[in-house]
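K.L.:
Sequence:
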Amino acid sequence: MKGVFSKANYVFLFEPDHFEQVFRDEDAKDTYPIRPGFEVLRYYREVLKKSTLNGVYGLTASQGLHWKQFRTKVNPVLLKRNNIKIYARGLDNIAEESVSRIAKLNDQKDFQWEFELEIKKWALESVALIGLGTRLGCLKDDLKIDDPASQLMQCVEDIIELTYQLEIMPSPWRYISTPNYRRIIEVFELQWKGHDIPEADKSIIEKLLAIDEKEKENSPYLRACLKEALRIYHVVPINMRRTTKEHVVGGYHIPKGEFLPERWLVDKNDPLYYGNTHPMVSLPFGFGTRSCIGRRIAELEIDIFVKRLLDTFKITWEGPPANLENVNTRPLSAQANSEEVKPFSAMPGLSSLPIIGPLQHFLPVIGEIGPDAQLFNKLGDLSAKYGPIMQMKGVFARGHFVFLFEPEHFDQVYRAEESSPLRPGFESLTYYREEIKKSTFDGVYGLTTAQGRKWRDFRTKVNPAMLKPKIIKLYAPGLEQIADELVARITKLKDQGDFLDNNFEHEITKWSLESVALVGLGSRLGCLSEDLTNDHPASKLMKCAKDMLDLAFKLEFMPSPWRYISTPAYKKIIKVFDTQWEISEMFINLAKKTINERGHDIPDEDKSIIEKLLSIDEKVAFAVMSLLYRLAVNPEAQEKLRQEIRSKESNRYLKACLKESLRIWHVIPANLRRTSKEHVVGGYQIPKGVDVIAPNQYLSNLDKHYPRAKEFLPERWLVEKHHLLYHGNTHPMVSLPFGFGVRSCIGRRIAELEIEILMKRLLDVYEVSWEGPPVKLVTKLANALEKPLRFRFKPAK
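Residue numbering for the sequence shown follows UniProt numbering, beginning at 1 and increasing consecutively.
It is worth saying that the hints were derived from the structure and are not from the lab. Treat the numbers as computed from the prediction; the structure is a model and nothing was measured. All C-beta atoms, glycine included, are put in the ideal place defined by N, C-alpha and C. Accuracy of the hints is not assured; some may be wrong.
[What the hints assert, rightly or not] Pairs of lysine to aspartate or glutamate residues, derived as EDC-like cross-links and limited to a Cα-Cα distance of at most 16 Å, are as follows:
hint: 1; residue 1: Lys-438; residue 2: Asp-578
hint: 2; residue 1: Lys-492; residue 2: Glu-530
hint: 3; residue 1: Lys-794; residue 2: Glu-406
hint: 4; residue 1: Lys-140; residue 2: Glu-96
hint: 5; residue 1: Lys-492; residue 2: Glu-435
hint: 6; residue 1: Lys-546; residue 2: Asp-495
hint: 7; residue 1: Lys-378; residue 2: Glu-368
hint: 8; residue 1: Lys-655; residue 2: Asp-531
hint: 9; residue 1: Lys-794; residue 2: Asp-498
hint: 10; residue 1: Lys-704; residue 2: Glu-406
hint: 11; residue 1: Lys-572; residue 2: Glu-427
[Unchecked claim] Taking CB as the label site, the calculated pair distances span:
hint: 12; residue 1: Lys-307; residue 2: Ser-650; range: 52 to 62 Å
hint: 13; residue 1: Asp-17; residue 2: Asp-495; range: 24 to 34 Å
hint: 14; residue 1: Asp-311; residue 2: Arg-24; range: 17 to 27 Å
hint: 15; residue 1: Gln-151; residue 2: Pro-179; range: 30 to 40 Å
hint: 16; residue 1: Gln-154; residue 2: Glu-39; range: 47 to 57 Å
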């Protein structure tokens, strides 16, 4: 866009790769990035007030080396959190005063028009505390319009509006003294009038006092997360650099001296995962060395204020949706939203009858789902019939389900529930621990059954040990030894035709339990010993894990009156829980004894983690068997992986094979969240207490998400971004084999390390093939492969 009235030309870059190239090049070492804008302020300071300011023009107006030297001095003070946090108590007092004023004014008829002013006064009072070390009195009841604080707030507002008219819009102010130019000079004079501050401090204080106008734009919209609010509404909608050298971008030559503004690219209704988006797309605080100097202060102020405000008030919006206005600081105008929100009762889904709910759909012959507990295998038919969002009402006091078939929809819900997410399931286990064995567990219910704040506190304690790859890798030598023992057992047990018949699944499960026990207990259980009997504790524990998954699906997801009457499945699962805890406790006590002898103890959270680990053997075993099956029916991929293993150069292809296998067959076919508040999704209201299901396995096998989705193509996790198969072209919420967010699988790192070590050992020795018809998947609460498993193990060449 060509400039006018001596303004430089503009270039708008709509691809983040393009403006990243320019911004990084202009931000390189020994380079001083030039951020255009506020040229009229620069003229005022460098020409009109040259003798007064004596070369100290501040961060806003300075450019090049002068700016770099100034920024270097103030960075250590303003960008270190610990330095900023010393003001927390004072800021908290100001926030408390502001909330008190809001409470006082809340009942007044016209308060809705005064709220913006109150936010401005809070923001200015806060930054003045830090910048001036004193209070301005913005929150006092008798603040008058001619008070210096009131005038300063009006100055900031006028500066932003007038600068837009002079800097962005066509204006001949460089040639003639226009009305807007004369007005802004008066504002600059008023803003600086009466200051008696050392020259070296003037610029930074003035910069701080200008932050309040930006903060008040965001405070009304901040709900759960400042980052999310700033992603949707940037304070400043674009970032700019003036080129100091020539560039070639997108095949075009851009000469030195032109603007490069980029604008916000992502639609606000498109909930893209930030990690999957180019990091240069969302830059609410700017980029690089010219990013906002007041960021830490602004974040601390907002954090303290919002905590105070939301602890006191439940804030609602009365009126049509707010309409964002860029640059203009006048009151927000409203624009009606024509989309009608339909009630939960209008959501399509399985029909429901009084008392029995949707039970008829699970009956033999007439039921569209049937009694065989294959609900997740019917998802294709259900989505085709009911659309992208469907409900299934609860029965026998079970809560309602909502199935979301669009990743954008469950992304919206899951992220909104991320602070202390509720993951339903295993309610029978919760009842067992909180009621039947309350005295035994004494409030420590573990990661499986704990919810909300109790779960978050617990998870926070165990995350450092369970999720750091460096800690997990300490167990690699022991896991390698266990993998070697399994390979030796396969060699011994396979028949003359190189088959293991039905023993293979059992052997893999034993290997998995032995591996997690090494990590969880620090000792071996003897699962791979020759004399392992059915009444051995390890054998019983493996049977418990299998029975628990089968019975939990029948009790938790299929219609069951176990909450009212003691059904056969309920009685069975209680026995399973008893057995599992009895054996787990025995192993925990053995580990505790060993650790006590070393002068240490096992905290309660560690006990629960050990029990959790001892229950994942079935899931890891399935992941191994499904990966082996994919490699067996895709010999080219298996051979490519074997060559990588033998080269010992990297694990890239091995990791890609595991990701691809888990994409096709998740260990658990869906992810769940129980809503802790109301949501509006896809035009429908979803009330609090509903179980929202993300059918990830079903979605991961649709071509619209992954091209050639039914094929095993590890390369999709390795190819470049421009490739058709590149996994990043798919919404990141589609494939979630380890769950999502803070409630993702705690044992992921352990499981991945176990599997990688075993595959390296196994495929280096054997060429694995599949002899027989394609294997069938049995999907309930967790997946399993239907027997017989016809793996053949021939010595590898």
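K.L.:
Assuming the hint says 30 to 40 Å, is it satisfied by the Cβ distance from Gln-151 to Pro-179 or not?
P.N.:
Distance hint for Gln-151, Pro-179 is violated at roughly 20 Å.
K.L.:
Quick one, are Lys-572 and Glu-427 close enough, alpha carbons at most 16 Å?
P.N.:
Cα-Cα ~15 Å, so holds.
K.L.:
Holds or violated: Lys-492 with Glu-530, Cα cutoff 16 Å?
P.N.:
Answer holds: Lys-492 to Glu-530 is near 11 Å, not above 16 Å.
K.L.:
Tell me if the straight-line CA distance from Lys-492 to Glu-435 falls inside 16 Å.
P.N.:
violated, 47 Å
K.L.:
Take the C-alpha atoms of Lys-438 and Asp-578, compute the straight-line distance between them, and say whether it is at most 16 Å.
P.N.:
holds, 13 Å
K.L.:
With a cut-off of 16 Å on the C-alpha distance, tell me whether Lys-655 and Asp-531 pass.
P.N.:
Judged against 16 Å, a Cα distance of about 35 Å means the pair is violated.
K.L.:
Would the pair Lys-794 and Glu-406 pass a check requiring their Cα atoms to be no farther apart than 16 Å?
P.N.:
Violated, at roughly 44 Å.
K.L.:
Could one say that the CB atoms of Gln-154 and Glu-39 fall in the range 47 to 57 Å?
P.N.:
Distance hint for Gln-154, Glu-39 is violated at roughly 22 Å.
K.L.:
CB of Lys-307 to CB of Ser-650, is that within 52 to 62 Å?
P.N.:
violated, 46 Å
K.L.:
Is 17 to 27 Å respected by the C-beta to C-beta distance linking Asp-311 and Arg-24?
P.N.:
Between Asp-311 and Arg-24, where Cβ atoms are some 42 Å apart, the hint is violated.
K.L.:
Is 24 to 34 Å respected by the C-beta to C-beta distance linking Asp-17 and Asp-495?
P.N.:
violated, 57 Å
K.L.:
Just to be careful, I want the Cα atoms of Lys-704 and Glu-406 compared with a cutoff of 16 Å; is the pair within it?
P.N.:
holds, 11 Å
Violated hints, in rising order: 3, 5, 6, 8, 12, 13, 14, 15 and 16; the structure is consistent with all others.
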